[in-house]
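Asks: With our numbering applied, the sequence shown covers 266 to 629.
Hints are not guaranteed to be accurate.
Claimed, not checked - Each pair of labels, with its calculated beta carbon distance range:
1. E404 with V488: 30 to 36 Å
2. E588 with H490: 42 to 48 Å
3. G486 with P605: 41 to 47 Å
4. K395 with P314: 34 to 40 Å
5. S512 with T295: 28 to 34 Å
6. T596 with T303: 21 to 27 Å
Said to hold, decoys possible - The calculated lysine-lysine pairs, modelled on BS3-like cross-linking and capped at a C-alpha distance of 27 Å, are:
7. K484 with K469
8. K345 with K395
9. K345 with K296
10. K469 with K553
11. K344 with K280
12. K395 with K553
13. K614 with K589
Since the hints were derived computationally from the structure, they do not count as laboratory data. The beta-carbon is built from N, C-alpha and C at its ideal position, and this holds for glycine as well.
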Amino acid sequence: MISQSGPQRYISDEKAYDQLPNFISELGVTKVLFLHGTKSLAAAQPYLPDFGAEVAVEDVLFNGECSYEEIDRVEQIAKKQCTEMVIALGGGKVLDTAKSVTTGTHMYLVLIPTLASNCAPWSALSVHYKENGEHINHEIYKETANLMLLNPEVILNSPIDYFVAGIADTLAKFYESELIFEDLPEDEYTVALTISRQMANNCKDVLLNNAIQAVEDMKDGKVTHTWRTVAETVIVMAGTVGGWGDSYARSTGAHSVHDALTLFPQTGHLLHGAKVGYGILVQLVIEKHFDDINELLPFYRTLGVPTNFHELNLDDISEEDIEKIAYEATTEEKTMNLIPLPITADTVKDAMMQLEEITSRVRS
Numbered sequence: 266m267i268s269q270s271g272p273q274r275y276i277s278d279e280k281a282y283d284q285l286p287n288f289i290s291e292l293g294v295t296k297v298l299f300l301h302g303t304k305s306l307a308a309a310q311p312y313l314p315d316f317g318a319e320v321a322v323e324d325v326l327f328n329g330e331c332s333y334e335e336i337d338r339v340e341q342i343a344k345k346q347c348t349e350m351v352i353a354l355g356g357g358k359v360l361d362t363a364k365s366v367t368t369g370t371h372m373y374l375v376l377i378p379t380l381a382s383n384c385a386p387w388s389a390l391s392v393h394y395k396e397n398g399e400h401i402n403h404e405i406y407k408e409t410a411n412l413m414l415l416n417p418e419v420i421l422n423s424p425i426d427y428f429v430a431g432i433a434d435t436l437a438k439f440y441e442s443e444l445i446f447e448d449l450p451e452d453e454y455t456v457a458l459t460i461s462r463q464m465a466n467n468c469k470d471v472l473l474n475n476a477i478q479a480v481e482d483m484k485d486g487k488v489t490h491t492w493r494t495v496a497e498t499v500i501v502m503a504g505t506v507g508g509w510g511d512s513y514a515r516s517t518g519a520h521s522v523h524d525a526l527t528l529f530p531q532t533g534h535l536l537h538g539a540k541v542g543y544g545i546l547v548q549l550v551i552e553k554h555f556d557d558i559n560e561l562l563p564f565y566r567t568l569g570v571p572t573n574f575h576e577l578n579l580d581d582i583s584e585e586d587i588e589k590i591a592y593e594a595t596t597e598e599k600t601m602n603l604i605p606l607p608i609t610a611d612t613v614k615d616a617m618m619q620l621e622e623i624t625s626r627v628r629s
């Protein structure tokens, strides 16, 4: 097991970005590639300092997907410009692209999240997609970011639906790992695994107790202690779960369902965390943890996390397509197979159908 706890340096403050010029100067960097989206740059621009008079900045607009094509495009620009540092500003796909570009190179990496939608700013892995948004794989790297900067004001002004998706994605840290931890013999627990499991439990407790209020605070434009705790739980605490726990605490069933759903364009408008949220419910049916489902359903309804085919925009889904989702969620390379239970495509199909029955009873 290999633990990578997080970025080498992390700063969370309204003036966090002001640390950039000194950081660049102290490292002797003179050539920077600045990767960002249009909306993320607009959100962060009022807080961004000049990188330094001696620094040549290559400004690169992100194309929207963390695809191998986009990674190759940015890599070629970095090589041509003899880039010494990549600064990535935006959501998870921007940051994951930057991680894929810099891994195994001499380039320093600075990550600046503008959303609290997942733990990408903290983790040492990238999730890769096709240009059309279909999931391909994820890769774990030997390096973590040299610096991660979080400005709460920028996150606060981001779209609410990304924050809700981040809450659902972070809940998966507990539900995807708990059965694995329960199945481990006591003498196999290391300190790293103990930390990982505690952080996973914290993710669940913080979110179930505070997320609804945090969303209301965000709607009101207030950086409250509750909102900031939830936002940093999504980015920081969630990242420590897999960072310390490695394969014992990374994605399992919920993310496998997400990956399969990306094959259906009808779900393309849904964010990563929303589809993971649905996947949590499918996994809980497989595990027969119905009390957990009953606890989560009112929470999901309040936040607008999908719970059934209708809310996934799959009203007219055929049995053949349900079987396709179930098959794709259980192929050999999928993390669904890490769950310590006998699972087949039929298991997943049956779970999805049973979930439809459960959620229809709740609606009625």
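Asks: All the hints need checking, so say for each whether the structure fits it.
Replies: Verification of the hints:
Between E404 and V488 the beta carbon distance is about 34 Å. The supplied range of 30 to 36 Å therefore holds. Hint check: E588 to H490, Cβ distance near 47 Å, so the stated range 42 to 48 Å holds. The supplied range of 41 to 47 Å is met by G486 and P605, whose beta-carbon atoms lie about 44 Å from each other. Between K395 and P314 the beta carbon distance is about 36 Å. The supplied range of 34 to 40 Å therefore holds.
Between S512 and T295 the beta carbon distance is about 39 Å. The supplied range of 28 to 34 Å is therefore violated. Take T596 and T303: their Cβ atoms lie about 36 Å apart, and the range 21 to 27 Å is violated. For the proposed pair K484 and K469, the alpha carbon gap of about 22 Å is at most 27 Å, so the pair holds. Restraint check: the Cα-Cα separation between K345 and K395 comes to about 25 Å, which is no more than 27 Å; the hinted pair holds.
Of the pairs offered as hints, the one joining K345 and K296 holds, with about 11 Å between alpha carbons and a cut-off of 27 Å not exceeded. For the hint linking K469 to K553, the alpha-carbon distance of about 19 Å falls within 27 Å, and the restraint holds. The straight-line distance between the Cα atoms of K344 and K280 is roughly 31 Å, outside the 27 Å bound, and the hint therefore fails. Note on K395 and K553: the hinted pairing is violated, with a Cα-Cα distance of about 34 Å set against a maximum of 27 Å.
A C-alpha spacing of about 9 Å is found between K614 and K589, which places the hinted pair at or below 27 Å, so the restraint holds.
Of the numbered hints stated above, those contradicted by the structure are hints 5, 6, 11 and 12, listed in ascending order.
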